[in-house]
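S.K.: If you're matching them up, the sequences are chains A and L in order. In this text, residue positions in the first sequence follow my numbering: the first is -6, and each later residue adds one. In this text, residue positions in the second sequence follow my numbering: the first is 17, and each later residue adds one.
Hint data in this document are derived by calculation from the structure and do not stem from the laboratory. Every residue gets a Cβ at the ideal spot worked out from N, C-alpha and C, and that includes glycine. Check each hint, because a few of them may be wrong.
[Claimed, not checked] One side of the interface only, derived from the structure: several residues of chain L facing chain A at Cβ under 7 Å: (1) I25; (2) T36; (3) H45; (4) N50; (5) S52; (6) Y55; (7) H70; (8) D72; (9) C73; (10) K74; (11) L84.
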Amino acid sequence: MKFFGYTGKILKIDLTDNEFQIISLDENDVNEYIGGIGINTKLLADNLNPNIDPLSLDNVIIIGTGPLVGTIVPGASRTVGTTKFPASNAITSVCGSSAFGMNLKLAGYDHIIITGGSENLIYIEISDKKIKLHDASKLQGKDIVETTDYLKSKNGDCSVITNGTAGENLVKFAMASIDKVSTFGRAGLGAIMGSKKLKAIVAKGKSGVKIAKPKQFWELYNKLINRIKNYSHLKEWQKLGQLKTAPLGMLFAAVGWKQKIKQSSNRTYLKKLKKRRIACPSCPIGDKDVLEIKEGKFKGLINYTSSALNDFLLFFLEDISSYEEAVKAFDVIDRTGLDALTMTQYLEFCTDLYRKGVISEKETGIQWKKDFETLMKVCKMVIKREGFGKILADGWKKLSEVYNDYEKDMLIVKGVEQVFDPRIMRLGTMEFEQVVNPKGAHVASGGSPTYFSPGRPLESFKTHFYRMGIPENAMSRLFSPPLPNMGINIGRLTRYSEDWYTVLTSLGICARAQINRFYSLKLATEFYQTVTGLEKNEEDLRKSAERTWNLMKLLNVKVGFDRSQDKFPPAWFKPLLMGNAELKLMDFYAGIEITPEIAEKLIDDYYDERGWDIKRGIPRKEKIEELNLSKYI
Amino acid sequence: MNIDNKLLIIHENNCTNCRTCQLRCSFLHFQEFNPSKAYILIDSTGLFPKISFHKDCKKCGICIDYCLYDVFELVEVDNQ
Ligand code: SF4
Ligand code: SF4
């Protein structure tokens, strides 16, 4: 079949035998799974034995992109990685952006399947001219920035996925990175690359992406881009990126951290740090940052980051109070492929254990404090897997085995630390989804209008629900929460947040709020039709998203994920102390305190909305048959 | 480059490397999205991108119209 939008080819690379195979994209898979996260999940289901050790050579990495990627569709730049992750043991997908997806298409492939492992450190070159495994011994011990710069200088216009030293040393939560600015793969994609002795993947090419219906395509595009141009906050987004919406100052003021308010202000960012912005291909927002420290002891440091906001989040550590320290620490973490959230949570947790006398300096080699010097020492010992760092390098699961009595204080779900604490921002879908997703706490797939400030009229949510393609027959259930004042049923809504995310990520469109807000299921479907020429309707896309999510869940059921693991961390039910403030777990809409009973009811409702068995938290037989997934039971 | 007797000033430091200009140019002239065929060249190897135009550029100006990041400024020039 001749494809438009898609390249129509999948590349399979066996690192053990240095063998390559080009496989035609299966028309049936396109029909059922669209692309991106959908086809990635299907390819992994067909190529992976779920019960393997994620860091063994039996693990498989699928990297893929969607049919809209490589075109000019705004924000269509997603790259999806699907594999079995070492920190959580979950079989799932992670997303990154920058230019890898586009370059993979230009090289002539929609997806790559990587199996086996090499004896010596290598990198893969994928282009429309050749596929080659290169010796990478020169890159051993090099960080993400050094490796990317080296490979770009050798290959010219290309995109690079690489891991840092944390991944090389099999730190279980080590990430990979795309083009220095996009983190890729919380919960250990970098470590999986390390276990395969795969230092990097380079993609480049000159095969253009063709579309089926140019006339209709440009009509859609011009209408959308005019809407984006007229968006009243566009310039502010371009100027500040993610900092535009983050209420850091407000939070620090609540705690009484006056110095941090100034250090993390927009003024500090603009006057003292901002060097330039980087956009993913076709993105009108451009929210990646290049920062430069212009004075002080770290003068001259250039930090590539997916947002300055991530650097500023390090201010949540009590004793990090200057922007220089925040940016320097984040740079070390980012270059080596550690995860900033893991490292900050480690410091919080271990310092608390130290203060309680549970761990000592003698045992750990550290006088624990929530400050810059301690953070740097701990990063080093984790990367090198030295002493106590060896336990930390094996992730929260290991730590909870060793300090079992304190597991209840860990802010983790399925071995991955929380991204969103609902005691700070209240319980919206982003906070709730961390609990029910097999991959544990992650960003992105729980997005919905519940990040609006509370108190909006319920009608205004409806507009967004229609935009996300939520069917009419679900509306009354969404407005039936466990207690009437809660306004919206977060459990039920989460199913549709995941489905909407899956539609966008199958097509290749970025799901971040600032891009996602311009799309509706209708518009996404129209772009899909004009790019590919395939006559799919909104219901087809919705169904394919549901199928993908159910297949992902079925793979995880085989590994043992069921209701018993979909638990709110017990610590969420205790107040969070921030300065003089005591923050409790409240519902996002009316400020009703969430009790363990309400939490369980929301989890029931999530499964019910998915058509799953409520007791076991897994897909029912009828659902599996309806989605044509019986062969994956 | 001159377009309709206007002088083009390029603010390279504003360029985000989003490639929209290249995607638009290559589609207009080759009916495919392909940065390597665009007549506008973005070299992103350094800290800031470098922008130049291929000698075969048609001076149609569409790349400039589609850039959303205030990289291009057209200034009237007096031909006299
Ligand atoms: S002026 Fe026209 S031909 Fe020249 S680079 Fe821009 S779009 Fe391409
Ligand atoms: S469209 Fe503008 S910002 Fe984007 S690459 Fe071209 S010149 Fe740079």
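S.K.: Hint by hint, note whether the structure agrees.
M.R.: Hints versus structure:
1. I25: Hint violated; L:I25 Cβ to chain A Cβ min 18 Å, cut 7 Å.
2. T36: This hint holds: L:T36 lies near chain A, its Cβ roughly 6 Å from the closest one there, short of 7 Å.
3. H45: At 11 Å from the nearest chain A Cβ, L:H45 fails the 7 Å test, so the hint is violated.
4. N50: holds, 3 Å
5. S52: holds, 4 Å
6. Y55: violated, 14 Å
7. H70: violated, 14 Å
8. D72: violated, 16 Å
9. C73: violated, 18 Å
10. K74: violated, 18 Å
11. L84: holds, 5 Å
When each numbered hint is compared with the structure, violations occur for hints 1, 3, 6, 7, 8, 9, 10.
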